[in-house]
Each structure stands twice: as structure tokens, then as C-alpha cells.
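Trainee: Generate the whole structure from the sequences, applying the supplied hints.
Going by numbering that gives the first Met the number 0, the sequence shown opens with residue 0, and the numbers climb by one from there.
Keep in mind the hints are simulated off the structure, nothing from the lab. For each residue, glycine too, the CB sits at the ideal point set by N, CA and C. Take these hints with a grain of salt, some might be off.
Claimed, not checked - Below 25 Å or equal to it, Euclidean Cα-Cα: the simulated BS3-like pairs (lysine-lysine) are: (1) Lys159 - Lys219; (2) Lys150 - Lys276; (3) Lys272 - Lys150.
Claimed, not checked - Derived DEER-like restraints, expressed as beta-carbon distance ranges: (4) Ile108 - Leu279: 35 to 41 Å; (5) Cys284 - Met216: 52 to 58 Å; (6) Arg153 - His243: 35 to 41 Å; (7) Leu279 - Trp146: 33 to 39 Å; (8) Phe133 - Asp249: 57 to 63 Å; (9) Glu267 - Thr152: 17 to 23 Å; (10) Ala266 - Tyr302: 48 to 54 Å; (11) Ile142 - Arg262: 28 to 34 Å; (12) His241 - Trp140: 25 to 31 Å.
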Amino acid sequence: MGTQVVTILAVFVFTAIVVYLVMSQFNRYGVTVHRRMESLYSDGVPQQIERKQWIDRKKLGELFAKLSKYGSLSKLAQTETLQKRLASAAIRNKSAVHFFLAVRGGLVILPVIVSFLAWQLHWCTGTVAVYILFGGSALGWIIPILWLNSKLTRYRSTLKASLPDFLDLVVVCLDAGLSLQDSLRRVAGELQSAHRELALEMAGVQRDVELGSSLDMAMKRLAERTDYEPVQILSSLISEGHRHGANIADALRSHSDTLRYQREQAAEENAQKASVKIMLPMMVCIFPATFIVLVGPAAIKIYEAFSVK
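Mentor: Structure follows, in C-alpha cells:
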């Protein structure tokens, strides 16, 4: 009995730690305070401000790095590709890869412990324990990737919605006589509240320029970080404009119109798909209810007629 109690306590502590670490990343109060502090900026460029953490992320990242290296998870998950995908989703902490791998490994191992404990305590049969083991481990392996794909899709959708407004303001600044670099700095500051994600990305471009990099190289790094086609096209337009001396304002205006046209096409496509997607809920929910309302009274009368005879 003592071994069972120790096993239950170990599973409880491990689960509590994993849940706490995951939920701490979604602390909405901390995120809100952090965003309000980041809204303080100078010279039109948002400044990153470190927020106080209850857990030292540097030490936590070192711990996750050791765990992932010890478990050979880094090679299995191809950390370079994973790091690029995390960076494309705006998760660029140095310990993000190790944290992701550690959580993924924990979610895979947890069903093994739970299934073994359930089998030892006779909470389920051996067959059910095997189902829990394989099903839970498979879900633990897949869920983090699904979460990352969802976050990446949402982030790219945010950039896609922000780029046309951003480009329009840049064109206005260029037509007013500002240089491209000054236009980017001014627009990044103006869009801090409306399009925060894109403003922070452009703030990173400004930091690269201030550290001595050329604007072309800074935009190229932005395209590599986001790994998003419209941003890559924007980087190419700026690079080609500087190289050949073309009118960048016209190119940016054309790119903005193209993005808006693509957004309208996507909206029309979703509207066309809606009529097809709504068929299944109608068949499952509405048609049976309508059938019961229409046929029910007649069926009752027929039943009463036959029962009398």
C-alpha cells in the first residue's frame, strides 16, 4: 500500500508541475501588463521591456536543454526545423525549443505512468491500460504540434491583416518626403496599438539598422524570421528598389492592393464554403426535428387507430 501511495503522489506532483508550467505561459494578466509596459516607446519605436518572472526562464531553459539532450529528443524532433517554426510563430525565446520538447516528452510519458498506475491499482483491465498508454502517448505527441500549427496560422493571419494598412501608411510617408527608413520607424510607432505584432516586427528591423545592418539585410532577416510569403515579397521589393533605384512607393502601393485583393478572394471563398459546411449541422440537427414535428402527430394518430382495433 505504501508503494501505491508514493506512486500516486509522484504522478500528482509531476502532473501539477507540467500543468503549472504550461498555464504560466498563458497568464493573461501577466501578458496584459507586459503589453501595456511595451506600449511605452521613444522615437516612434516600441521598446521591449523585461517583465518580472516568478521562475527564472534562463535557468528553466538550461534545465530543459539538459533534459532534451539527455533524452535524445533534440535529434528526434529536428530542433533546427522546430526552432524556425517557433520563430515564425513569434516564439523566439532561446529556451523555447527545449521547453517545447520537454512538454512534449512529458505529455508522452504521462500516459505511460497513468496506465501503469491504473493497472496496478486495478482501476482498469490490462487491455484498457494498453489503450490508455498508446492513445494518450499518441495524443501527447501530436497535440503540441497541432498547437504550434494553430498559433503559426493565427500569427500569419494577423500579419496578413496588418500589412495593407502598414504599406498604405508607408506610402503616405514616402509621398510626404520621408526616407524609407524614417517612414518605417514612424509607421511602426503609429501602429503600435492597432497592429502590435507587425509593429514589433518592424521594431526589430529598426534595431538591426541601429546596430549597423543595412535596411535590405534587416528586411531579409525579417523575412527569414516570419517565413511568410507577403513579408518575403516586401523584402524583395525594398531590396530591388534600392538596387535599381526604382520608385519604391509605387511598388509598395501595388503590393498593398494585391494583398487586399487576395483577402477579398479569401473572404469570397469562405462565403462559398459556408453553404456547404452548414449542410451537415442541418442534416443532423434541424431535419430530424422538423421530421418529428411534421410526422409525429400523424404517427400518433395511426398508432391510436391501430390500437383501438
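Trainee: Give me the numbers of the hints this structure contradicts, sorted from smallest to largest.
Mentor: 7 and 12
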